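Q: So the chains spell out like this:
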Amino acid sequence: MSDSHVAVAEPAHRELRHHFVDMEQQANTASLGMWLFLVTEIMFFGGMFCAYLIYRLKYFNDFAAASQSIDVRWGALNTAVLLVSSFTMAMAVRCAQLGKQKLLVVFLLFTMLFGATFLGVKAKEYYDKYEEHHIPGLNFNFDGKLLGHPDYPVNQRHTEMFFSIYFAMTGMHALHMIIGLGLMAYLIIASIQGKFDTRYYTPVENIGLYWHFVDVVWIYLFPLLYLISRK
Amino acid sequence: MGNTPFWPESASNWAPGVDGVYIFLILVSAVMCVLIFGAVGILSVKYRRKPGVQPTAIEGSHLLEITWSVLPMFFFLAFFLWGAIIYFHERTPPQGASEVYVVAKQWMWKIEHPEGQREINTLHVPVGKDVKLIMTSMDVIHSFYIPAFRIKQDVLPGRYSILWFRATQAGTYHLFCAEYCGTQHSGMIGSIIVQSPSEYQSWLNGGSSNTPLAQTGEKAFAELGCVTCHRSDAQGRGPVLTGVYGKPVALEDGRTVIADENYVRESILDPGAKIVAGYKPVMPTFQGIISEEQLAALVAYVKSLTPAAGQPAGAVAAKAAPQTSKTGKVQ
Amino acid sequence: MSEQEHHIVPVWLYLLIGSTLLFFTWVTYAVSKIDLGAFNTVVALCIASFKATLVVLIFMHVKYTSEKLTKAVIISALFFLGLLLTLSLADFGTRNWL
Amino acid sequence: MATAVVPQQRTNYLNAEHGVKSWLLTTDHKRIAILYMFVVTFFFFIGGIYALLIRLELLTPAGDLVQADTYNRLFSGHGIVMVFFFLIPVVPAILGNFLVPIMIGAKDLAFPRINLLSWYLYVIAGGLMLHVILTGGVDTGWTFYTPYSTAFASPKVVEAGMAAFINGFSSIFTGLNFIVTVHRMRAPGMTWSRLPLFIWANYATSLIMVLGTPVIAITLVLLVLERVFRLGIFDPKLGGDPLLFQHLFWFYSHPAVYIMILPSMGVISELIACFSRKRIFGFQFVALSSVAIAVLGFLVWAHHMFVAGMSVYAALIFSFLTFFIGVPSAIKVFNWTATMYKGSVTYETPMLYAFGFIGLFTIGGLTGLFLATLGVDIHVTDTYFVVAHFHYVMVGGVVMAYLGGLHFWWPKITGRMYPEGMGKLAALIGFIGFNLTFFPQFILGYVGMPRRYYQYPPEFQMLNVLSTAGATILGVGYLFPMVYMLWSLRYGEIAPDNPWNAAGLEWKTTSPPPTFNFHEDPIVDFEAYNYDELKDIPDER
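Protein chains in written order, with the working numbering: chain A, 1 to 231; chain B, 1001 to 1331; chain C, 2001 to 2098; chain D, 3001 to 3541.
What you were told as hints is all true, and nothing was included just to trick you.
Cut-off 30 Å, straight-line C-alpha distance, at most; resulting in silico cross-link-like pairs (DSS-like, lysine-lysine):
no., chain 1, residue 1, chain 2, residue 2
1, B, K1247, D, K3237
2, A, K58, B, K1132
3, A, K102, C, K2063
4, B, K1274, A, K129
5, A, K58, B, K1247
6, A, K58, C, K2033
7, B, K1046, D, K3424
8, A, K124, C, K2033
9, D, K3424, B, K1050
10, C, K2033, A, K145
11, B, K1274, C, K2033
12, B, K1046, D, K3342
13, A, K58, B, K1280
14, D, K3237, B, K1110
15, C, K2063, A, K100
16, B, K1247, B, K1132
17, A, K129, C, K2033
18, B, K1105, A, K58
Stretch-level coverage of chain D by chain B, calculated; a stretch enters the list once three of its residues show a Cβ under 8 Å from a Cβ in chain B:
no., stretch
19, 3060 to 3073
20, 3272 to 3281
21, 3328 to 3336
22, 3356 to 3368
23, 3448 to 3459
Calculated directly from the structure, the hints in this document are not laboratory data. Quantities reported herein were computed from a predicted structural model and do not represent experimental measurements. We treat Cβ as the ideally placed atom computed from N, Cα and C, and that holds for glycine.
I would like the entire structure built from these sequences, with the hints used as guidance.
A: Structural data, given as structure tokens:
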């Protein structure tokens, strides 16, 4: 078995896998794979968006009332935090492209910090919901009033459904954040070990794509969950 | 009944139509099978490997491809239209059908006739009369299936499913549950007994005297206190119900819905869901307070409230709306 | 992206995009306080889509990739997501029509 | 291509390394295909035992062999195991894994380690399912319909749902791997128009895997959340709508039947071309019809729900759209038939399976039209008519194609020939047994026997007895190949590199291929199915 094709141009990069011709093919392959994975993620969250959409149309008043019990300020803050983390992630990828290894680690650390902040705020919000007895299936009790009829209570079951979907969607999102933090930690270790250079930084780039995707999901979750008919 | 049937009995208004499409489909399929299998058989034998004979390279033919793509579409369109017409009729029950309430639960069918007769796993119907089944389930999804009538409808918890038919042939037919519903799914069977009108009448008259369903509903309507708000003189806190059934109802948020069985049901169980324009959402929910049977009786009663002669249906509700000021708007 | 063609996005652009995103988050929040009726949701979703597009085009480098396939992949994902939502709604939205 | 060396002495992917570890940690797509073959065959056995018990119970109208609850667990286990653990992986994960890189001239799939991960996910999911089976089984049917599954069924539904969830990720990663491989790993000269139809079919399948499987994954997660934490999503008691579950479920599970059938169609294209010694008639149309099926497959899902309480208008839309998927399927059948015209047809075992496939798939496809027709569907849905229909497509179609393909590529995979006479006999037995088993079920269905019934009215017995009798013959038809294939591993004739004188890159390497598939990196300067250029090569053997 001769790998004569590869050997002619330049010495093979130590990260080049045996079944690729060159680093370019390898990087393009990994990038396409990541994008396809993000497609599966879109469809994965899509199932929940579908459920959300249908019940929101069906139980609009109850959903609106339930949505207003969530503190929109925390949600807005978290949106900002996540957007900033996306910015630092983009900067991290840029450093990787330019081979600035130290700065890469710094930006990755910042990204992790903002990611952890997001999760912290989320935990605080969850705890508030627990205090207010808004956890479905766990002594749920919602005493909100119907929009436009302050004397009339909303339908408990339907507000409970809002919170079911709220927890399912934000919980699944938070799980993705946690996985993202783990991947980020891996990147930091790998870049300290000097695994990346200007010709090989595919993991940084792909994990960056993943992180931005998680951000995009939240960009939609924020108005859909926090801002139903808020006045 | 040891004989093996190769064709189901045909005992309802749907059977001839469904059988018609089915036979049409079988004929078309049979022709297709003969063509395809014949072609495979002939070509594979005629062009079997022979010494010295080389295969001829053929790229394909756009004309052929287009022909055998487009030609089937005409048949498909015919299948679709014929099937769709039958289906559309199946989903639009006629006026004046006798309305039978069916409550499914694991693993039995409870049936209540408008005249008040109750049956379990048996349904008596007369030949030649339209029968509309208003069905709901107390637990899981079931499916009401009468092969001899060629009709089937899933029965869901939490809402009414509608099915209608007109029996054409006296006899006893299978009733099956066709949606898997747990341990005794295959035991959730019964009989449909189709009788001549006179036999059916004597069946109705036999047995203990029954209170008609609407009358039971009227009693519940009074006992549950519905009558204090839903007064018939448009002075109550709730809308007048006379003549509401089957008519469009204007809602507070600007939408209009048709007051069908499911609307009446929802209004009793979840009164806040669709508030009639001009009224306040003051009605308490009856979720968990009344049984499916009581609910059926109430629905039957509301439906029986037809306006007295000279008063056009739905006029009361429409008149009541403008005089009460609209309170907030739901967005 | 390949070593020959990968595009280095200038820092100022990242900063601009980042601050635009933050600005529009504030806009979303502010607009939600104004009563626009059903348009509140429309506006919020339009802003969200604008923000998402910025993230995808700039942060995720889709604007700079020479690879048409990436764009095709994204569009097809949105197409099939749209199918799921619209065809489901075709049922839930028309159930009471009869 | 070098052909001078005696096959046995050459290193190939089978003897390149030895020991259990070299198999369990391999990233070689061919070895992973073999790993899949073991586990998938094992699950086919489990599913087959279930089928046998079901048919035995239905021999008599009374429920006498097993308890009602046991029977419910039998058909649920049969469905879950056969659908998720046999039909979905069988062709792509075994034949596809082995052949996709070789056919496009690559050394391996794009992500060899993810490929191995897929196999491990499959094994973990399978282990979980096996645990469910051994600890009492699940009784929801493979469809997991709510609210039965979330409020009434045995609690094992959580574990079974998770098994299907994990298995879904195995499927997603396989699909992702195939798509990337086809885009990025083709040998020089291997243009899209030169890709064999088996590759086109697997590519189309992979699209469905990537786009559809995540939806069933999240649906199962929501189901488990509702079951365990009582989060209200689907259960009407909690305010949910059970039809939403059915929409989400079928959004994946209808396209999933195309995950099963498309790669099989790809196999059939290869077989018919080879044994007619001709390029497939209307090559582009057959290739694009695979993609058309994949896309249209996402537009038709709610035809499973015509009696479920769906909107009348939605039912009309879905019925209308469903008919369109008949067109690309019909195109394939017509083109396969036309390929034999002016060919040079021989009747080796794989070709017999291909004939069988055309027969069974045609019947399965045509009866699909019955089910798309609204008025008829109302009567026959949830009866044995549906059971017969999807067995014709999924068992008749997929298993016929798999066995055909396995015989065809057996020499390439193992380096040994299977015994031809026994192969032909097995194909014949399988075909007869299949029709005897499932044709009576069409009649049963139209007469009105509902599916998932454990006892039934006595007048249905005759047809059920026929079906059970057929099932025993079918069982023989499936077991027999397993026996002689194993036998051939040791005693079979040594296979030449290209026993069928077939076109395609996989026949240009040795049998079995070396670890990196080719001794020299291939350059493709010929069209797919260039049988006209092969015709001068003398008859083999």
